[in-house]
Structures are given as structure tokens and as C-alpha cells.
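Here the protein sequences line up with chains A and B, keeping their order. Read in order, the letters of the first sequence are residues 1 to 254 in the working numbering. Read in order, the letters of the second sequence are residues 1001 to 1277 in the working numbering.
Heads up, a few of these hints could be off.
To be verified - Ranges of calculated distance between the beta carbons of each label pair, as one might list FRET restraints:
(1) 1038(B) x 254(A): 48 to 58 Å
(2) 1077(B) x 116(A): 38 to 48 Å
(3) 50(A) x 1255(B): 53 to 63 Å
Unchecked claim - Covered stretches of chain B, as calculated for chain A (at least 3 residues, CB under 8 Å):
(4) 1115-1128
(5) 1131-1144
It should be emphasised that the hints constitute simulated quantities derived from the structure, not laboratory data. Please read all numbers here as calculations on a predicted model, not as lab measurements. Cβ atoms here follow ideal geometry from the backbone N, Cα and C, with glycine treated the same way.
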Amino acid sequence: MLGAVLIVAIGAALGACGNGTDEATSGSILVSASSSLGTAMVEIAEAFEAEHEGASVSVNIANSAALASQIDAGAPVDVFASADEWNMQSVVDGQGTVAPPVVFATNEPRILVGPGNPFGITGLDDLAALTAADPGFVYVAVAPESAIGRYVTEILERAGVELSPRSLEESVTAAANKVRLGEADATIVFTTDVLASGDRGVGVPIPSEVNVIATALVAVPEGAPNPDGAAAFVDFVLGDTGRAILDSYGFGLP
Amino acid sequence: MNRRRPDPSAERLPVVAVVLAGTAIAFFAAPFVGLLWRAPWGDVWRVVSDDTVRRALVLSLQTSIATMVVSAIFGIPLAWLLARVGFPGRSLVRALAMLSMVLPPVVGGVALFFSFGRRGLFGQYLDAWFGIQLPFSTPAVVMAQTFVAMPFLVLTVEAALRQVDRRYEDAARTLGASRWYVFRRVTLPSIRPALVAGLVLAWARALGEFGATITFAGNLPGTTQTMPLATFLALDRRPEEAIGLSMLLIAISFTVLLTLRDRWLGGSPNTTAAGAA
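One chain only, chain A, in its complex shape (with noise of 0.2 Å):
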């Protein structure tokens, strides 16, 4: 929702301009990158920005699949980056790709405690055992049509487990943030979300026969306002700075 109300404001500001583009790093980039990649992202933008003078990025952040619906109802965006391959083959089957997406990160899914791991959770059969049989034990989800949802969708029929949520978060962010602050005790989010927890979290992993590794893709919607800009932004993620930031939230490198 504040996603659509940015991509309004912002489209109303780049309508304003309608600067020729002489200089393809120039004028505005608007990047919509999911939540989960929000802000390695904004960290890419602002070292963009540092290099390319004139340029100005904007990262609009919200769930994959809202930003996907958001191009296909013909949002101005210049670069999609989504944490999950479905909502980017939805962009390419409706609004369409200038170029087929890139992969340019994965990121694990891991099970993520409270400091300390008081529960002493080593995998996902403690969970399973913990939410049937404690009442106390909180485990929250992320919503089943987020992209780590339908992750953690696959992993638990690999694993033949099952797990019943108290509630189903709108985003990684605010299931994560609910174990940071003590209210929930476990979830399942991705590695860069359990390093971003600091001190205030602990990662439990997943066995890799039955974890499916997130592949992140990036690419520049047909219809892009700045397709030079969103050009150069690609091959800046792509590139070293761009997956040195990466490497440092904890993503995997292709």
C-alpha cells in the first residue's frame, strides 16, 4: 500500500521532469526491490548515486508480489528486483522484460530464534515437536504469497513437516521484528534477515536436502521511463561494488 503511494508521488515527480537523457546515468531511476532485499539495495543506490553524478535513485521496497502487481498496472519503474523467481516471471509474462532476468544473488532460508536459542531449536523437527506441544511456544510465518512464504511452503512438505503459525506477517520484516523484540519465538525467514537481527536474533539452519536456496533476479520492465539508467543501475549490481554490498548483508553470489 505505501508502495503504490510512493510509486503515484514518484511517478507524478518524474512526469514533472521529463528531462532528455543525453547522459544515460542521469535524471531518476526508480528501483522497486523486495522487501528482503530492501536495504542491501538502498546501500547499491547511494553508492550508484556516489559514482554517477546526476543521478538519482530511488528504491521503492515492498513484498514481490505487490510490486509486481505494480508494474503490470504500468507503475514507472526502471528496475524490478525480486527476491523470488514466480513474481518475476509474472512481470515478464504481463508487462514484459527489456532483457531476460539476471540472477544476481540466492539467499538461504534459516530458521530464526531469540538470543540465546532458548529453546535450544536445532532444525525443523524441534519446531514442528515445540508448536504442537507447547501453548507458550509462538511461531509466527510469513504470509503464504510472499516469496519467502511460498519457500517455506516447498521446504516443509520436503521435510514432510508441519507447522501452525499464531500469525501470518505481511513481510519478512515484521515476522523477523517479532521474534527481535521477544514476541514470537521462532520463524523462518532469509540469512540476510537472521544477520540483520544482530545481537537480538540467532539463525538455526536448514538441512540443505531439504532448504531451497532463493535466487534473486533483477531486470528493466518494457515501458521503463530511463531504460539507459536502469541499464547502467543493472550492470552496477552486477558488478563488483554491487556484490560487495551484497556479500556484506549475507546474499549468495552467482
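Starting from the known structure of chain A, arrange chain B on it as the hints suggest.
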């Protein structure tokens, strides 16, 4: 005696005012027209009788009505206190009671979260002493809704209580009525239009509450997923469901507002206490 009084409905507004008012009407109507245009009319029954939609509807109605009742039980005495009793710090108390009405609801949710959550200032004792965990439960939904909705009732009732003609109450007291009797049979009826308006406002505000609910109570179908939450989450993958939920909410609210129209207006302008008869 038949005095010719100007009929209010025959008054002519300046053209400018009419145009502005017309724009306002268009502004209010346009979003609904847009929604109706996109509504899946062929599928309406299937969408509306979907399990998630039904559970959200039932939960919304239950919690909003509970909120209305709780707001009345605690709000009417508060309104009376603010209207009739002068005590030091009254303006402060009034500002406090109205604060959540002015704040963005999500702020209210965050505040509730940090005070009544499991690790909250008060919540931690609730958990340690009584084993009560409020978040992710239906009572938490009512709490979140009451926090944002009760000020509407307090505001409306306080304003009405200030305007009540106290002579009727005093007359009743001198005739030997108890204070409870006076409240029940004289005061409340004389503020009935405002009281009903306040109840409806509180109920409607509770029905539409989103930010505080999702932050404090969480979101789980059947327990805490009210219609606004369900609508928001359905918007991404299942827009027809979101539209169906939206239309349900609109239909319910519109019906309630229409049937209470006469109560709102409370009869012609020159009836006050007489209007209660």
C-alpha cells in the same frame, strides 16, 4: 398557528458552492464506482462464500460489536466525567482520551505492542503471573479496535452531555428519582441521537481498523484476521477476493449508515429535549 417558515430544502446555494459540493460528491462516489466496475459479478457468490472471506466477516462483526459494547461501558462514564466534573488536569485527560483518534493507527498498535506484548511493560507481568499472552489472540483484536474507536464515542457523548438541559435532570431529582434512574430515564434518552451516532462511529471505526490490529494482534484466519487484514493480504494474489471483501464491507457499512439516517438527524432542528419524547 401556521407561520410561514422558509423551507430549508428550498434554499438556493450559490453556483460555486454547488459546483464544489458536486465535486466532493464525485470524489466520494468515484472510488466505489471504480470498484463496482472491477467486481467479478459472475463469481460474486463463490467469492463471497469462500471460507477465508466468511471467517473474516464473522470475526470482524464479532470484534467490532464487542468493541462497541466495551467502548460504551467505559466510554460513557468517561464522557460524563469530562462533561460534568471539573477536576485538575481535565484537559490533559481529554487530550489523552482523544490521542489515539488522531494518531496513525499503526502507532497505536506499536504502543500496545510495547506495553501489552509478551515482553511489554505490563504484558510481561500478565504473562509471568497469569500466563496470559495477549498478542495473536482475539481479545487483542478487540483491544486494538477499542483503542482507536472509543474516542469517537467519548467525543460525541461528551459534546451531547454538555448541551443537555440540566433542568429536566434537576426536576427529576427533586421529585425523588435516584441518580441511576435519572441517568437511565432522563439523561440517556435526551442524548440518544448523539449516543447512537457515537456508537455507530465507534463500531464503524472498529470494523475498518487495520494498522493497530495487524501490529498488535497479528493475522491468522479465524482468530485475528479481520476483513481489512484479509483484504490487504488478498490483494496480491487473489484480487477478486479482495474486491469481494471490499464490497462486503461497503455493503454492510452503507446499510447501517442508511438505516440510521433519521436517528442521526434527530428530527427537525428545534427539538432538543422534546425530541427525546
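Status of the hints after comparison with the structure:
no., hint, verdict
1, 1038(B) x 254(A): 48 to 58 Å, "violated, 40 Å"
2, 1077(B) x 116(A): 38 to 48 Å, "holds, 46 Å"
3, 50(A) x 1255(B): 53 to 63 Å, "holds, 57 Å"
4, 1115-1128, "holds (count 3)"
5, 1131-1144, "holds (count 4)"
The structure shown violates just one earlier hint, number 1.
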